Structure formats: C-alpha cells, structure tokens
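This is what each chain is made of:
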Amino acid sequence: MSFNDLLNIGLMQGFAGLSLFAVLLLMGLGLAIIFGQMGVINMAHGEFMTIGAYTIYLGSTLANSISPGAVAAYFPFAIVAAFLFAFAAGWFIEWALIRHLYKRPLDTLLATWGISLAMQQSFRTFIGPKEVSPTLPDWLLGSWAPAEGLDIPINGMFVLGLTAVVTGGILLAMHRSRWGLRVRATVSNRVMANATGIDTKKTDRLTFAIGCGIAGIAGAAFTTIGSTGPTSGSLYIVDAFLVVTFGGAASLLGTVVSAFGIAQTQSITEFFMAGSMAKMLTLSLIVVILMVRPQGLFASKVRR
Amino acid sequence: MKHLTDPNAVSLETPEASRRRVLQMLGAAGLAGLPTWSFGQPTAQVNTTKLAVTDTEVTVGQLHSSTGTMAISETGSIQAEQLAIDEINAMGGILGRKIKVIKEDGASDWPTFAEKSKKLLINDRCAAVFGCWTSASRKAVLPVFEKENGLLYYPTFYEGLEQSKNVIYTGQEATQQILYSLDWAQKEKKAKSFFLIGSDYIWPRTSMKIARKHIENFQKGKVVGEEYYPLGSTNFGSLMNKIKLQKPDCIFAAVVGGSNVAFYKALKAAGITGDKQLLVTLSVTEDEMTGVGGENFQGFYSSMKYFQSLDNENNKKFVAAFKAKYGKDSVIGDVTQAGYLGPWLWKAAVEKAKSFDVDKVVAASRTGIELKTAPEGYVRLDPNHHLWSKSRIAMGMPDATFKVVAESPDLIKPDPFPKGYQ
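In order, the protein sequence lines correspond to chains A and B. Quick note, the first sequence lines up with residues 1 to 304 if you use the working numbering. Quick note, the second sequence lines up with residues 1 to 422 if you use the working numbering.
In short, the hints are calculated from the structure, not lab data. Being a predicted model, the structure only gives us computed values, none of them experimental. Cβ coordinates follow ideal geometry from the N, Cα and C atoms, glycine included. Just so you know, not all the hints are guaranteed correct.
Just a few of them, taken from the derived set where beta-carbon distance is under 7 Å, the chain B residues facing chain A [stated by the list, open to error]:
1. Gly225
2. Asn241
3. Asp415
4. Phe417
Here are the computed lysine-lysine pairs in the BS3-like style, where the Cα-Cα straight-line distance is at most 30 Å [unchecked claim]:
5. B:Lys103 - A:Lys130
6. B:Lys187 - B:Lys419
7. B:Lys325 - B:Lys98
8. B:Lys98 - B:Lys360
9. B:Lys190 - B:Lys213
10. B:Lys222 - A:Lys279
11. B:Lys147 - B:Lys352
12. A:Lys130 - B:Lys390
13. A:Lys130 - B:Lys187
14. B:Lys360 - A:Lys130
15. B:Lys352 - B:Lys372
16. B:Lys139 - A:Lys279
17. B:Lys220 - B:Lys192
18. A:Lys279 - B:Lys118
19. B:Lys213 - B:Lys139
20. B:Lys139 - A:Lys130
21. B:Lys316 - A:Lys130
22. B:Lys323 - A:Lys130
23. B:Lys325 - A:Lys130
24. B:Lys328 - A:Lys130
25. B:Lys354 - B:Lys119
26. B:Lys213 - A:Lys279
27. B:Lys276 - B:Lys209
28. A:Lys130 - B:Lys403
29. A:Lys202 - A:Lys103
30. B:Lys100 - A:Lys130
31. B:Lys119 - A:Lys130
32. A:Lys279 - B:Lys247
Could you build the full structure based on these sequences and the hints that come with them?
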C-alpha cells in the first residue's frame, strides 16, 4: 500500500462524509420547514419522500416505453414532477387534516402517523409490494476517476449538487422573498401577523406543501442510492427527525450544521469500526449533547 | 441452542386424551354411517386426531405476510404454495380429498404470526400449515406448533441450528449454501482473502460465523474484514473505502432488504464492479434482482439452490405454469421454489403414511420422502427434516437474470448442527 493509495482512500473517505452530509441535509430540510417552522410533527415525512421516489420510477417506466433516448433525459423532469406531486399531496393533506390540528400539536403526531400507515398500504396495494429501482440514465451511474485508484461516485456528486441548490433556494426564499417574510412573521407572532394583513392560513398551507415538495425531491434523489418500496419512508424518518432536532428545531442553519456534524462523525467512526457500532456511537454522542443542550445546536423561538 | 423437547421424539397422546378421541370418533362414526363419496379410505381411518378432514376435503393453512414490510419477500411464497395446491387438486387431491386453504396474514409482525398460528391449529384444525419467511416469525410460531402438535412447512434458506419435530425445512440450511460457495471461490477463482459483509441480525451473523470458521480452519484462507450494517442502512460510502484498503480476493455478502439495493449501487458507484472484483452473495435471488437492477449486479455471483433459468424439464413446466397464473413478468426466486415444494412434500408423506395424522406424517417424512418433480431437480428429505439438495452458483446478467456457472455434483446433505462451526 503506497502513500498514493492511502491519499486516494483519504480523499474518497472525505467525499463519503460529504455525500452522507448531503443525504442527511436533504432528508431533514423539508422537515425543518414543517416541524421547525410550523411545529407540526410530521410522521408522514418519509412517505412524501416515497411519493417522490415513485415519481422517478414512473418517469423511468414512461421513458423506457417511449424510447431509449428518453432514458438519458427524463431524470431532471422527473425531479420537478416529484416536487409537484409531493407538493400537491401536502397541500391536500394540510387542507383535509392538518389545519384542524394546529392548536393540538401533539395530536399531529398521531394523525400524521396514521396518514403514513395509510399511504404505505396504498403504495403496497396500488403500486405493488416489491421494491423497485428506476432505470437510471448512464450519466448517473458509476464513478468519476480523475486519477488511477481514485473513484468519486457520480450519484454522490449529483446528490451533493442537488442539495446545494435546494438548500440555497430555501435559505434565499426564507430570507429574501415575500413568502419567507410571511412565514417568519407567522412563526414569531401569529396574531400580530394576522393583524397586519397576512393570510396566515394560506401561509400555513403553502409552507406545509413546500416542505412536502422538498421531501419529494429528497426521495427522488435517493433513488440514485437505494431502492424504493412501500416502507422506504420509514427508513428515513428517524434520521430526518434526528437531524432537525439536533440542529435546533426552528433554525434552518442549525439543520445544515447538524447534518454536517452527524455525517462526519458517522462516516469517520464507520471507517475505523463496524457499521452498527459506528451508528451506535454516533447516536450516543447525540444523546449526550442533547442532554447538555436540550434546545439543540441553534436555538430560536418556535411557534407554540 | 437445542430445543427443550427431543426433536426426534414423536409425541404420544396421554391415555386420557386418546380416550376422549375414541369417544369423539365413535360419535363421528355414528354420523358417518351415511354412505361416503370418497374413493379413498374412510375419514375415521385417515384422521384420528380430529383434524379438519372430511370425506371430500382436507383443510390446510397458509401463514405469510401479505401486508407490512415482509410482503415484498413473502408474496412469491404465497403464490407458489397456492400454485402447488391448485395442481394437486387438479390431480384429484390427496387420498381422494381436495385441499382447502385458509389464508392468514402475519402482517410482518411476529406476535401476530404466533396468534394466527394458534387460530389455524386450534380453531381451524389445519392438517398442515405452509408459511413463515423470516427466522423471527418461525421462532415465534414454533412453541405453538410444538404445543398443538401442528405441522409447518418452512420455505426460506436459514441459519440452521434448529430441528423441530413439527417443522419441515424446504430451503437450505446455512452450511449447504455457504460451504459450497466458499469452496468454489477458493478452487475456481483462487480466492484466499475474504471480506464478510452482512446486515445486522441473526441470519447474516450466524452465516458469517460459519463462513469464517470454514475459511480459517478448513481453507487456511484469511478473513480481512467482517462488517455488519443495521437493517435498512443505505449508507455504504465508508465501507467501500475499507474494501479498497483491504483489497480482498472475494467479497462474501449477506445484506438484505432495502440495504441490499443500496449496497450494490454503492459498489457500482465506487467503481467496484464484476469485471474487477469477485463477489459472492447469499441473499440475492431473482426477487431481489428486480430492485437491485441488472446493471448493478452484473458479473457478481449468487449462491442458491434454485435459479429461474435452470435448464431442466421440471423447471420449464414450473416456470410456464407460474407465469401463466401470475403474469409473464413475474419472477421466481429461490424461496418461491422452496415454497412450491412444501405441498408436494406433504402430499408424498401423507400418501406414504396413508393418514393425515401429524405424528404419522412426520414418521413417514423421516423415511426418505423424495420428489422427482421438483423444479430444482431431484430432492430427498433427510430424517433431520431438511432437504438434500444441490447448491449452485450463478452470475448476474445485465438483464437481471442469472446464468448458472457451477453446480455441486451431488446432493448436499443438510447439516443443521454442523460440528466444528459453532
């Protein structure tokens, strides 16, 4: 094993940490908006991701039936569609259920958990119980090898890029747009915001739907990493809540920092010990930090 | 690890119970004074333990998860068992009686499995039950089957270390699957160093324990890594780098469920592909391939006893019948085929025993029941309740099918309690 080999592995390991950071952040982002900004404990977050993932599968099936050429191009469009589908589903669920529960935040836990089970069973009944993988375009497969022995996963780079775009977009929208202003106003003082003429009900619905739409994008991106089944969402939900809670529920920046911290800790410990042990160590560390700082890394006001 | 009850003991009824049974039989015989339509033996003769057997019908149970996370895997077994039962009925049934199936859903929840098995055995008096998939569900129903003296046909390849009087295991136990594939990797592919990877629960851990013993003590090879990842984990980035650091001759994998797909996608993304790296897995069948995708598994090897592409007359007939019933896109994996064997093995044992009584069927099953029509080829039931079967290695193709590249010359004896491996 030469020095060059070790350097390559070091570089690839660094990238592994970065790509895990991107995955965790993308997972947590939609939830940071819904749970962090609105205080809704959305247990169905994972299922909105699954909607996004199935949208990609749908897109790949369509593209396959049209022409082989379409397979190379469908992916970006399918991601947009994933956002729209999850957005629409979120809009509908807010209207049908969530808006009746804003005064009872703990009940949203039960209600959204029910939705999550119902959605899982619908996926199973209407799409099928088997795990599926979309046919990915060739440009998303394999690795980029700039030097001998150095392989950077292309899907990892793709998720990293997508996460950067989505996170940048959300931060910008939150702090520079009308919608962001309304959301922040509603979070800090609902009555006052109402009095100044902000339609808080509409703001709520839009915020919830955008959070769900981002979950859809996350689910779409994860089809490059894993498979999609009716219960895929339940694999992500714990990590998503972990990232958001650890970062400090109401802070988007906190979510970013927390995703980075968790990803690096896990990826580095994973390199030196077995996978299950590394996960345990990471979780214990988070528990200890949360005991010292129950409000998470970055604390600010949450709507009660 | 052994069970409290001696696995070889065929339980005898208490005198009291048998006296009660005799009275019940007398009552039944009174009703049965009417002429019977069956061409076989009278019901009182073939059923002395009050099972759900009439002159025209015998009731069996099917206990799988059709909902919940395991539905993905268990659907194939449900379909294959139903197909076998339909075929047996079309041939006239067993001892002149048609098979009636009661389907119960274990819902991927182990206590539910135990509850439903009680229902099937106590309320429905099923003569046999075809079911379970995970070891956890089998362990959950085992006490019920042993207490109520039921009969379970279990289809999944599993970790071994079990032999119950009330279970017939139609899949491979660990040594059948593992030892042959390790020897193949050593002899054919000159593999000396192995990297063991599994999901973190009983089956992969037991399997890898056996694999390590075999590699170190019998092959004099080297294990350069042994790693377990939580079920459902999709994050394998660091693992890929560890593999690159160790440069094993062979990756030996038993990753299951959603992690399986993520694992092969990560290998592909890390540039570890079939043309550069030898990989043998214990957990990829045709069922998993639909999720993993041919492009990710291309050139890697899977060790199973059955592959859909097996070229023999039995299998061609089986595949055609399966596709006719469940659609031309359906795929058949190892466990699906093993599920198909259950009803046929039961039929053979019942006909040999000339009785549906569980004790007699079990006794008959220990006398070397054989099946010449099995899709995997000839199989024989060992007195230890497991099947003698061939092991096979197949290579993944780009179109998500398997090409068989090696096959054990003879049937391999099942050895659920392997000496020197524990």
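Hint by hint, where does the structure go against what was stated? Just the numbers, ascending.
1, 3, 4, 13, 14, 18
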